[in-house]
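Sequences are here, hints too, so could you generate the full structure?
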Amino acid sequence: MGLFDGTVQKLSEQTLDAAWYKQQVISNNIANSSTPGYKAKSVEFGIILQEKCRCVYHTPDEEDDTEPKITVVTTQETNTNQLLNENNVDMEKEALDLADVQYQYATMLDHMNNNYSMIRSALVK
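All letters in the sequence shown, in the order written, are residues 3 to 127 by the working numbering.
These are computed hints drawn from the structure, not numbers from a lab.
Check the hints yourself; a few may be wrong.
Said to hold, decoys possible - Simulated crosslink set (DSSO-like; lysine-lysine; CA at most 30 Å straight-line):
id, residue 1, residue 2
1, K41, K71
2, K12, K43
3, K12, K71
4, K71, K43
5, K71, K95
6, K43, K95
7, K41, K95
Below is the structure:
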């Protein structure tokens, strides 16, 4: 097992990918905020991440051969209409979601950078 093959490393990489994808979906919603008939999409991955993180830590006698994987769920809201043109993009909600996912992305990036710093300082000493 290499330095960067651990479960936490793989989950961190997948979380960054999921957060990046969520930023794309939110940006697409914002770009289509005035498109007639456009229905906003949302991305969920946090709940699934919490379930996977519970499985990361196990007792030494447990064997876990499964690869960690974060599943991203994209949904489309079709029941609501914000505007008369049947567009349902709520700009305030999208702005808040974008700020939230940018914070999640930055936090995960800081976490990964801290791991790299610990490895770097261990190798130097």
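Given the proposed pairing of K41 with K95, does the C-alpha separation stay at or below 30 Å?
OK: K41 and K95 at ~14 Å, within 30 Å.
Check the hint pairing K71 with K43 against an upper bound of 30 Å on the C-alpha distance.
holds, 22 Å
Does K12 pair with K43 here, judged by a C-alpha cut-off of 30 Å?
Holds, at roughly 26 Å.
Would the hint linking K71 and K95 be met if the CA-CA limit is 30 Å?
Roughly 28 Å between the alpha carbons, so the hint for K71 and K95 holds.
Quickly compare the C-alpha distance for K43 and K95 to 30 Å and report which way the hint goes.
This hinted pair holds, its Cα atoms lying about 12 Å apart.
Are K41 and K71 close enough, with their CA atoms no more than 30 Å apart?
holds, 28 Å
Take the C-alpha atoms of K12 and K71, compute the straight-line distance between them, and say whether it is at most 30 Å.
Judged against 30 Å, a Cα distance of about 8 Å means the pair holds.
When the structure is compared with the earlier hints, no violation turns up for any of them.
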